[in-house]
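Colleague: Letter by letter, the chains look like this.
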Amino acid sequence: MNAPRGTQGGALDPTLQRRSFLKAGVGTMAALASLAGISAPLRSVNSGVSLDAFLQQHYKRLTPDLLDQILRRIENEVARDYGAKVTVRDIRPMDGVEFGYALNLSRCNGNRKCVEACVQENNQTRDPQMQYIRVLEMPAGSLDVEKSDLYYDHEQVPAKGKYYLPVQCQQCQNPPCTKVCPVEATWTEPDGITVIDYNWCIGCRYCMAACPYEARRFNWKQAEIPPEEINPNMGYLSNRIRPMGVVEKCTYCLHRTREGQYPACMEVCPTGARVFGNMLDPDSEINYILKNKRVYILKEDAGTAPRFFYYFDV
Amino acid sequence: MAVLTVLTVIGGNAYSRQLVQGLAVTGMTDQVSWGAYIANFTYLVGVAAAAVMLVIPAYIYRNKDMHDVVLFGELLAIAAIVMALLFVVVDLGRPDRFWHLIPVIGKFNFPGSMLSWDVIVLNGYLLLNLHICGYLLFMKYMDRKPTILFYMPFVLVAIAWAVSIHTVTAFLYVGLVGRPFWNSAIVAPRFLGSAFTAGPGILIIVFQIIRRMSTYQISDRALHILRNIVTVSLLVNLFLLGCEAFKEFYSESVHSSSAKYLFFGLHGHDALVPWMWGAMAMEFAAATILIIPPLAQRISLLNAACVLAIVGIWIEKGMGLIVPGFVPTPLGNIVEYVPSLNEALVCVGIWSFGLLIFSWMLHVSIPIMSGEFRHQSKEV
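Top line first, the protein sequences correspond to chains H and S.
Numbered according to this note's numbering, the first sequence spans residues 1 to 314.
Numbered according to this note's numbering, the second sequence spans residues 1001 to 1380.
Hints in this document: simulated from the structure, not taken from any laboratory.
Incorrect hints may have been included.
Once the Cα atoms are required to be at most 27 Å apart in a straight line, the calculated BS3-like pairs of lysine-lysine come out as [said to hold, decoys possible]:
1. H:K60 x H:K162
2. S:K1145 x H:K299
3. S:K1064 x S:K1140
4. H:K147 x S:K1260
5. H:K179 x H:K60
6. H:K162 x H:K147
7. S:K1247 x H:K147
8. S:K1247 x H:K299
Note that the structure is predicted; figures quoted are calculated from it, not measured.
With the sequences and hints as input, model every part of the structure.
Modeller: As structure tokens, then:
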């Protein structure tokens, strides 16, 4: 940004020397002023990135000791930035488990309780409110999402002549989002859940462009959650409060489901439209549905092979 | 130069604000997650690739006129790549984690991610051009004859590489099955067509500025060769655009909604429509001037055609390609995108910075090329 100088050689004539000296002086002053001007907004930063956080390695390269230190550091960061005492754990997948989700479209009435529960459970930012689940109001007789309405606002649901299609992360077997990530910050775990290392994501948002289901969200600014609404039971790869500038997504509430609980959206659903479980277990309800109902997946032509299934119960 | 410096500082200030407050200061949303930054990046990769259109006649066909100017084309490529890389950096949510992209130290998803390919080809192209320009300028400065072995192999690699940078950048978009607007085999050829129009178009203007501001001789014949390149490329670009439009509108499949949004508006949303038709009008006007010889031979009209083509393609490749890829979203939601003031200032800052580097490189290289600045002088 400095003014170029010394490009013309020539003899060392005293006036020239004096002029180039002045030029250099003015140049330096201008450079210093520029630097001050450029960096002015940076002075208002209060919580910068610590050196430990900056140098932190990829999740898969961490030793158990290191991971433990990191979990404690994150707990301290939440206490400092949000004034809430929380526990952050690293919860690993269970052996012999591959999760599947099924949704009965005959029962879903578009009440969106699942959306609310998800926001609460997963500590999503409230301003603007981030939601993992989108409930589309569809005109009867169509499967074309482009005819859907996301912002329906009726006194009562279901509205006449409509049905409701909730869409969240489909936990694909062939996920386009993990393939495109330039730094392997996102991958699919052995139990079929696609996760993100929020401390490794560089925020390029290529995965968002790649996802055919709009399942990924970006933290455009620092997350805002009132301390009393923070869910203190946090998982490193799931519902801990995400840093600014990274992508996040639904993880089938892995901090719950890997310990035998149901995802928050299923637990809260008043119509019982949702069925969740281990597809590898022959006796599970999800397995019964996959075997006995006429199940379909969204955007089959995209070749993503979702682990999220829809069916009509008639 | 002073104006450019001031604009660069304003842009730098806007970027600092973005660093503190997050990308929320831009007009981007979860629905339209890439905007002006990535649009400018795409355009500039094209400008950089276009240097090859001077390199081929100069080094392969040994055209004397092009030989005198090829270096400036390569310098423009360097400045364009630097700008393109800066546009990627300002688009990152976490630029502090840039080191994650460095192989071995970080975790580089190669060959899986097209973005990692892009990192390699862009940086490789930058190094190739720095080497070629640096070596040839240094030899000229030392008044020695350049050894062909030290630059020719790099020139040959750079030719293929130039095509690859824009192809890989096109594949960033083409590879996304969930975005039918981009998921088309014609995107890479269209990128090259538009790049070979805009890049040489910019150089035609730059060469006339050099002619006016310095004593360096640039022949009319060099301008005419560039004019022919611009003409052919622009016609190819328009033809490919027509092919794409035919496929989208004649078949009228559900996948045509982004194209409908771009050209005619969708469900009452039509922010891009005037821009796209404006861009088309500019490109057609430029093409009309260029294909009528008496018009194109008048330098003022040639300049006008170049400016029209440069701006038209900037709109078509920017707003006309990146934004409609996101509208409507894969779930049918329509959210329109308008860059914020802060975002625009960052863009202006990067452009100013790039032009600053380019003019600085010209300041150094023109005296060397014309022989005014040689090793004999005591002060080095």
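Colleague: Keeping to a limit of 27 Å between CA atoms, is the pair of K162 of chain H and K147 of chain H held or broken?
Modeller: Holds. K162 of chain H to K147 of chain H sits at ~11 Å (cutoff 27 Å).
Colleague: Between K1247 of chain S and K147 of chain H, is the straight-line Cα distance small enough, at 27 Å or below?
Modeller: holds, 22 Å
Colleague: Hint check: K1064 of chain S vs K1140 of chain S, CA-CA at most 27 Å. Holds or violated?
Modeller: holds, 16 Å
Colleague: Tell me if the straight-line CA distance from K147 of chain H to K1260 of chain S falls inside 27 Å.
Modeller: Within the cut-off at roughly 15 Å; holds.
Colleague: Do the alpha carbons of K1145 of chain S and K299 of chain H lie within 27 Å of each other, as the hint requires?
Modeller: Roughly 62 Å separates the two Cα atoms, so the pair is violated.
Colleague: Holds or violated: are the alpha carbons of K1247 of chain S and K299 of chain H at most 27 Å from each other?
Modeller: holds, 22 Å
Colleague: Would you check the hint for K60 of chain H and K162 of chain H, treating anything up to 27 Å between C-alpha atoms as holding?
Modeller: violated, 45 Å
Colleague: If you draw a straight line from the CA of K179 of chain H to the CA of K60 of chain H, is it 27 Å or shorter?
Modeller: OK: K179 of chain H and K60 of chain H at ~17 Å, within 27 Å.
Hint compliance for this structure: hints 1, 2 are not met, and every other hint is.
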